[in-house]
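*Asks:* So the sequence lines, in the order shown, correspond to chains Y and G.
Heads up: take any position in the first sequence, counting from 1, add 270, and you land on our numbering.
Heads up: take any position in the second sequence, counting from 1, add 531, and you land on our numbering.
Among the hints, erroneous ones may be present.
Claimed, not checked - The list that follows gives simulated cross-link-like pairs (lysine-lysine, DSSO-like), each with its CA atoms no further than 30 angstroms apart:
hint, chain 1, residue 1, chain 2, residue 2
1, Y, K271, G, K588
2, Y, K312, G, K542
3, Y, K338, G, K609
4, Y, K271, G, K545
5, Y, K338, G, K588
6, Y, K312, G, K588
7, G, K609, Y, K312
These aren't lab readings, by the way, just hints derived from the structure by calculation.
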Amino acid sequence: KQEVTQIPAALSVPEGENLVLNCSFTDSAIYNLQWFRQDPGKGLTSLLLIQSSQREQTSGRLNASLDKSSGRSTLYIAASQPGDSATYLCAVCTGTASKLTFGTGTRLQVTL
Amino acid sequence: GAGVSQSPRYKVAKRGQDVALRCDPISGHVSLFWYQQALGQGPEFLTYFQNEAQLDKSGLPSDRFFAERPEGSVSTLKIQRTQQEDSAVYLCASSLARTSETYSGNTIYFGEGSWLTVV
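Let's have the full structure, built from the sequences with the hints guiding it.
*Replies:* Written as structure tokens, this is what we have:
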């Protein structure tokens, strides 16, 4: 059974700092990995999707990497802003292509 | 509407009561998913529809949970004889593509969820 772990569970950083969120998964036979953002009381917003054949994806200040063989992904956020405060969820797609397996998330707070 | 719409947003049910949660996906979206998110946890897959066909219901936790999408658009998740452990946020998501295409990179859009509290 695929298991996804995210470290740290919570993180507080001052504005402007660069930061890294970590995700690990137990079954390396994945189709892809996605990073989502969830604001309190809201649904999920897809940030980046990395195919199993890819090593990284970038969108603005966000960069996600994937090392499938070691079962790890990182989400790098450059020059963090208070508006980046949210919970960040990692999810992998394995086996039957219809479902995502999510981690428990990293709750990020960016302070002024 | 512009996004995935779910109703009701908040529901308080007495234990043993039946509830129905509605999802209006983005118009034209083929794939529809239901996820359950307990407090402080990541979402967990419940079921998947491709148009009106329920292709995967492996995540439904018990036979008290039932989902349908009879005309390939609006979907309803029904929970019979609710229990306290059913308290969670129920998230609906949709995607334009079939799953094999979805997971090649098409975007999946989530609704804001239906918050169910069973007392």
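*Asks:* Which numbered hints are broken by the structure, listed smallest first?
*Replies:* When the structure is compared with the hints, numbers 3, 4 turn out to be violated.
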